[in-house]
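In order, the protein sequences belong to chains A and B.
Just so we're aligned, residue 37 is where the first sequence starts under this note's numbering, counting upward by one.
Just so we're aligned, residue 40 is where the second sequence starts under this note's numbering, counting upward by one.
It is worth saying that the hints were derived from the structure and are not from the lab.
If you're wondering where the values come from, they're calculated on a predicted model, not measured in any experiment.
Just so it is clear, CB atoms sit at the ideal spot from N, CA and C, and this is done for glycine as well.
If a hint is listed, it holds; no wrong ones were tucked in.
In the SDA-like style, the derived pairs of lysine to any residue whose C-alpha atoms are separated by at most 25 Å in a straight line are: (1) Lys81(A) to Ala82(B); (2) Lys186(A) to Ala110(A); (3) Lys90(B) to Arg103(A); (4) Lys208(A) to Leu64(B); (5) Lys190(A) to Glu68(B); (6) Lys190(A) to Val67(B); (7) Lys208(A) to Glu58(B); (8) Lys190(A) to Leu64(B); (9) Lys107(A) to Glu84(B); (10) Lys90(B) to Arg98(A); (11) Lys209(A) to Ala66(B); (12) Lys186(A) to Glu68(B); (13) Lys90(B) to Asp52(A).
Far from chain A, some chain B residues (derived; all Cβ distances over 12 Å): (14) Phe102; (15) Gly103; (16) Leu185; (17) His193; (18) Leu215.
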Amino acid sequence: MNELVDRLASPLVSADEALAREFEARLADSSALAFRVAYSVVRHKQDAEDVAQEAFARAHRRFSALRDRDKFRAWLMRMTWRLALDHRRGEKRRAVRDDVAAREAARVAPDGPDGLANERSTRLWAAIDQLPEKLRVVIVLAAIEEHGIKDVAKLLGAPEGTIKSRLFDARKKLQEMLR
Amino acid sequence: MKGRMDVERMEAGSSDPAELLRTELMAVEPSPAFAAGVRMRVAAESAPRVKLVWLGIAATATFGVAVAVWSWGTANTAPVIPAAAPAVASAPDLPVPTVSPAPPIEPVRVTRAVRRAPLVAAAVAPAESRLEVLVPPDEAIAIRQLLLSQRRGHGVVPPVSAMQVTIEKLPEIRALEIAPIQIPRLSGEGKDK
Chain A
37 MNELVDRLAS PLVSADEALA REFEARLADS SALAFRVAYS VVRHKQDAED VAQEAFARAH
97 RRFSALRDRD KFRAWLMRMT WRLALDHRRG EKRRAVRDDV AAREAARVAP DGPDGLANER
157 STRLWAAIDQ LPEKLRVVIV LAAIEEHGIK DVAKLLGAPE GTIKSRLFDA RKKLQEMLR
Chain B
40 MKGRMDVERM EAGSSDPAEL LRTELMAVEP SPAFAAGVRM RVAAESAPRV KLVWLGIAAT
100 ATFGVAVAVW SWGTANTAPV IPAAAPAVAS APDLPVPTVS PAPPIEPVRV TRAVRRAPLV
160 AAAVAPAESR LEVLVPPDEA IAIRQLLLSQ RRGHGVVPPV SAMQVTIEKL PEIRALEIAP
220 IQIPRLSGEG KDK
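Excised from the complex, chain A in its bound form:
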């Protein structure tokens, strides 16, 4: 009986195995992207990992529709960004409620060893936070894994010209703010 069940289920199992292998490949390929996208929003390593893991778990649910590598990365990036924004909003609400200033300070401070670097980093993130979301996502994606304009356009599903102008605007605004 068990043999019969195994024989009948073997095509399903092999299909599942193929899907699982593909998902593992995507996980290895895109985990840094998801983590960094999440980090650029939440600015905390552990929270960024939680957010990125949640995004991967959601991607797994829809993986049969996301088997294409580019499609997967674009979907994952958008999902991570959205989840990270939600997470950050929730954290802000919590921080206001608990009034834990120290927590916020620790969050903003990066893991760099240098005091000057810390200050520069704090200013940079504060400036990035002030950017409109459209510009922020473009400059963050361009900074991750040395994405070119074409890659960012593919990830965001927008024309290259739009990405180029948004990137230019974002840089200009950041320079003004950091001057």
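Fit chain B to the given chain A structure using the hints.
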């Protein structure tokens, strides 16, 4: 190597904010346990889903079997044959017998009708009643030929004359008078005893 270069570039006081951002982001990496965490989440999510999938498969299979059984039963029901018009002679002016042979019935093709035999019988019953022609076969053939020739306009059918039936008077029945039979005794009968 690249990270160190980034740090050096940053320390050198790069003023490009995009470059600074790149340095910041490239300095952070997911922990080695990141992939394991994803796998754990996926496994935790997929366990109830597997159960749901099997439940769905079972429900679909049950529904499919039910539909198959229903459609099999529907396909085996013989089509209802429409009742034919009563047999009427086509030439009323002719003294042809009013009973005309029913048109030949096409054989009804019934596949796998064994289990639905009562239904089939009920459906076919009216057609069988039309076959009950109280005309001997040879006469039926003759009538059919006659009607056919009449329809085609071949020949003139001679009028059928009334049969002359002569009834002979039966002889009168009289009572028979039978005289009692006298059996004479044989000589020497009864003396032996």
